[in-house]
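Protein chains in written order, with my numbering: chain A, 75 to 189; chain B, 1011 to 1122.
Simulated from the structure, these hints should not be mistaken for lab results. There could be a bad hint or two in this list.
Claimed, not checked - In the BS3-like style, the derived pairs of lysine-lysine whose C-alpha atoms are separated by at most 27 Å in a straight line are: (1) Lys88(A) to Lys145(A); (2) Lys1091(B) to Lys83(A); (3) Lys83(A) to Lys1109(B).
As the list claims (entries may be wrong) - Covered by chain B, according to a simulated footprint, are these stretches of chain A (three or more residues, beta-carbon under 8 Å): (4) 92-101; (5) 180-188.
All residues carry an ideal CB built from backbone N, CA and C; glycine is no exception.
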Amino acid sequence: NAGVTQTPKFRVLKTGQSMTLLCAQDMNHEYMYWYRQDPGMGLRLIHYSVGEGTTAKGEVPDGYNVSRLKKQNFLLGLESAAPSQTSVYFCASSYSSAGVADTQYFGPGTRLTVL
Amino acid sequence: GQSLEQPSEVTAVEGAIVQINCTYQTSGFYGLSWYQQHDGGAPTFLSYNALDGLEETGRFSSFLSRSDSYGYLLLQELQMKDSASYFCAVRAVSGGYNKLIFGAGTRLAVHP
Chain A
75 NAGVTQTPKF
85 RVLKTGQSMT
95 LLCAQDMNHE
105 YMYWYRQDPG
115 MGLRLIHYSV
125 GEGTTAKGEV
135 PDGYNVSRLK
145 KQNFLLGLES
155 AAPSQTSVYF
165 CASSYSSAGV
175 ADTQYFGPGT
185 RLTVL
Chain B
1011 GQSLEQPSEV
1021 TAVEGAIVQI
1031 NCTYQTSGFY
1041 GLSWYQQHDG
1051 GAPTFLSYNA
1061 LDGLEETGRF
1071 SSFLSRSDSY
1081 GYLLLQELQM
1091 KDSASYFCAV
1101 RAVSGGYNKL
1111 IFGAGTRLAV
1121 HP
């Protein structure tokens, strides 16, 4: 099992450009999440999904959109990138949202720089 | 609101024991988790406490006191490879949705 994979691993954008980050998991997990991590800060939830075809806003959703057309994939889109979106983005998945089954498995991260 | 507090940095020597504390303020508490993250790597799950008491997994132990809204991660027989950031996290209901809230992390430096 590959676990959780993310593409791309690195990306540099100019302000105003758009891009999509792809997350894939092969553990048949229902829940998937997108986080951003900035220096000296913990992980902040951007959007999440509780199942195929469903998405919900997290703590810092502005400037991002997501889609979950297939259970194994969770896409994060930036329509018009801004320097404030320079960050490391992590995707995670979990079997459920309760108890020990809430254990989240993280992808390797995407390091995004917006100039 | 929801908040977690943990020390920003901890330093220890190889073979020693170190305790990383976490205090939290949240509603609808379900449990306290700990994650480890090496520089440049992804967070990985270490432990989960839903009930009061100590959970032991090898060299690592985690403790929870729900009445004190407090927990800690105990690392024994420290090794150089334990140098990493450690995050406590609680699941809570906030703004109408159920999410995992992470602390800012504690950077542990293990020296020879």
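How the hints compare with the structure:
This hinted pair does not check out: Lys88(A) and Lys145(A) have alpha carbons roughly 31 Å apart, beyond 27 Å. For the given pair, Lys1091(B) sits about 24 Å from Lys83(A) by alpha-carbon distance, which is consistent with the 27 Å threshold. Using a Cα cut-off of 27 Å, the hinted pair Lys83(A) and Lys1109(B) holds, with the two alpha carbons roughly 25 Å apart. With a threshold of 8 Å between beta carbons, the proposed coverage of the stretch 92-101 of chain A by chain B is violated, since 0 of its residues qualify and at least three are required.
A stretch counts as covered by a chain when three or more of its residues have a beta carbon under 8 Å from one of that chain; for the stretch 180-188 of chain A and chain B the count is 4, and the coverage holds.
The structure fails hints 1, 4 (numbered hints given earlier, in ascending order).
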